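From first to last, the protein sequence lines stand for chains A and B.
Numbered by numbering that gives the first Met the number 0, the letters in the first sequence go through residues 0 to 113 in order.
Numbered by numbering that gives the first Met the number 0, the letters in the second sequence go through residues 0 to 141 in order.
What the hints contain is simulated information worked out from the structure, not anything from laboratory work.
The structure presented is a predicted model; accordingly, all values stated were derived computationally and were not measured.
Don't take each hint at face value.
[Stated by the list, open to error] Straight line, CA to CA, 27 Å or less: simulated DSS-like cross-link-like pairs of lysine-lysine:
(1) B/Lys36 to B/Lys23
(2) B/Lys111 to A/Lys73
(3) B/Lys86 to A/Lys84
(4) B/Lys36 to B/Lys57
(5) B/Lys86 to B/Lys26
(6) B/Lys74 to B/Lys26
(7) A/Lys1 to B/Lys36
(8) A/Lys84 to B/Lys13
(9) A/Lys12 to A/Lys73
(10) B/Lys111 to B/Lys66
(11) B/Lys74 to B/Lys86
(12) A/Lys12 to A/Lys84
(13) A/Lys84 to B/Lys111
(14) B/Lys57 to B/Lys26
(15) B/Lys26 to B/Lys13
(16) B/Lys66 to A/Lys84
[Stated by the list, open to error] Chain A residues, not near chain B, derived (Cβ > 12 Å throughout):
(17) Ala6
(18) Glu60
(19) Ala62
(20) Glu92
(21) Tyr95
(22) Ser96
(23) Met97
(24) Cys101
(25) Gln106
(26) Gly108
Virtual Cβ for every residue (Gly too), placed ideally from N, Cα, C.
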Amino acid sequence: MKIKDIAEILNAKVVCGEQFLNREISHVFASDLMSDVLTIDTENLLLLTGLTNIQTIRTSEMADVTNIVLVRNKAASEEMITLAKENRIVMLECSYSMFKSCGLLYQAGLQPVY
Amino acid sequence: MNFNYSVEGGNFSKAGTASSQFKKVLKQLNVDPITIKRIVVALYEAEVNIVAHAWEGKIDIEVDMEKVYINLADKGPGIADINQAMKPGFSTASPSVREMGFGAGMGLMNIKNNVDSLHISSEVGKGTELEMTINLSSIISK
Ligand SMILES: Nc1ncnc2c1ncn2[C@@H]1O[C@H](COP(=O)(O)OP(=O)(O)OP(=O)(O)O)[C@@H](O)[C@H]1O
Ligand SMILES: [Mg+2]
């Protein structure tokens with residue numbers, strides 16, 4: 000599934016990385032714990048998180064995560080967007096809760112990491 | 000080759016900048032992506048630990064053909080029981096650190112899992128020193 004399909008399922012707004020919306024996604028990881036994100040070694044991964052600060056993007060940079068959805072109406076700061084752009088990260092914002100977002104993506108056939 | 004960075008305790012807006020800079024160095028040196036990821040995950044966890052738990056710190060890195068050696072030394076409260084600190088889930092992170100997405104108590108374990116050797120020494124009330132080595136499998140182009 001492509002990120003643009005995910006944006007549609009989650010009724011999400013693309014904050015940055017419009018040029019990468021054709022990236023394929025196969026797995027999803029949902030977490031607000033950055034050390035948990037740093038254990039992951041999966042390609043074509045999407046991170047769902049409610050943690051909205053600069054460390055979300057730093058952690059993604061270190062963990063080679065390039066696709067992020069911020070759930071529950073959390074807005075990305077300018078600083079986050081700048082760092083995300085530098086790292087070719089696609090970032091989406093959606094209003095759905097973590098539970099609903101996960102449910103919809105699971106139903107759509109995306110795979111868990113663990 | 001030597002690389003040195005300084006780390007400010009408590010400053011989460013800058014946490015990870017040293018790791019980010021060193022990641023760029025590793026890319027320029029053509030280290031393979033899997034090894035780069037192991038190095039930067041370990042370095043970043045250790046850098047964030049200084050920001051989260053200590054007052055200030057220094058990172059010294061030596062790169063040669065065979066390995067990357069990283070020394071992180073901080074001034075801070077130190078770790079009273081290193082074995083306990085290594086246990087997954089153990090954390091003394093403050094609420095403000097948890098707000099930044101840290102404090103799962105997984106960092107030291109993550110470090111251990113990504114490096115070829117790790118040595119931790121600490122003195123309560125003074126500080127903590129981490130030494131880690133990651134062997135380089137592929138040859139670095141000069
Ligand atoms: N540099 C340090 N100075 C003082 N205490 C430290 C230092 N590094 C780790 N510790 C202690 O060891 C504990 C465990 O560290 P670890 O990195 O495993 O987890 P954490 O930092 O609490 O959470 P996480 O890394 O998962 O976000 C910390 O909570 C802290 O008590
Ligand atoms: Mg830690």
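Do the hints match the structure? See the list:
| no. | hint | verdict |
| --- | --- | --- |
| 1 | B/Lys36 to B/Lys23 | holds (12 Å) |
| 2 | B/Lys111 to A/Lys73 | violated (33 Å) |
| 3 | B/Lys86 to A/Lys84 | violated (36 Å) |
| 4 | B/Lys36 to B/Lys57 | holds (21 Å) |
| 5 | B/Lys86 to B/Lys26 | violated (32 Å) |
| 6 | B/Lys74 to B/Lys26 | violated (30 Å) |
| 7 | A/Lys1 to B/Lys36 | holds (25 Å) |
| 8 | A/Lys84 to B/Lys13 | holds (17 Å) |
| 9 | A/Lys12 to A/Lys73 | holds (11 Å) |
| 10 | B/Lys111 to B/Lys66 | holds (16 Å) |
| 11 | B/Lys74 to B/Lys86 | holds (22 Å) |
| 12 | A/Lys12 to A/Lys84 | holds (16 Å) |
| 13 | A/Lys84 to B/Lys111 | violated (31 Å) |
| 14 | B/Lys57 to B/Lys26 | holds (22 Å) |
| 15 | B/Lys26 to B/Lys13 | holds (21 Å) |
| 16 | B/Lys66 to A/Lys84 | violated (31 Å) |
| 17 | Ala6 | holds (23 Å) |
| 18 | Glu60 | violated (6 Å) |
| 19 | Ala62 | violated (7 Å) |
| 20 | Glu92 | holds (17 Å) |
| 21 | Tyr95 | holds (20 Å) |
| 22 | Ser96 | holds (18 Å) |
| 23 | Met97 | holds (14 Å) |
| 24 | Cys101 | holds (18 Å) |
| 25 | Gln106 | holds (27 Å) |
| 26 | Gly108 | holds (27 Å) |
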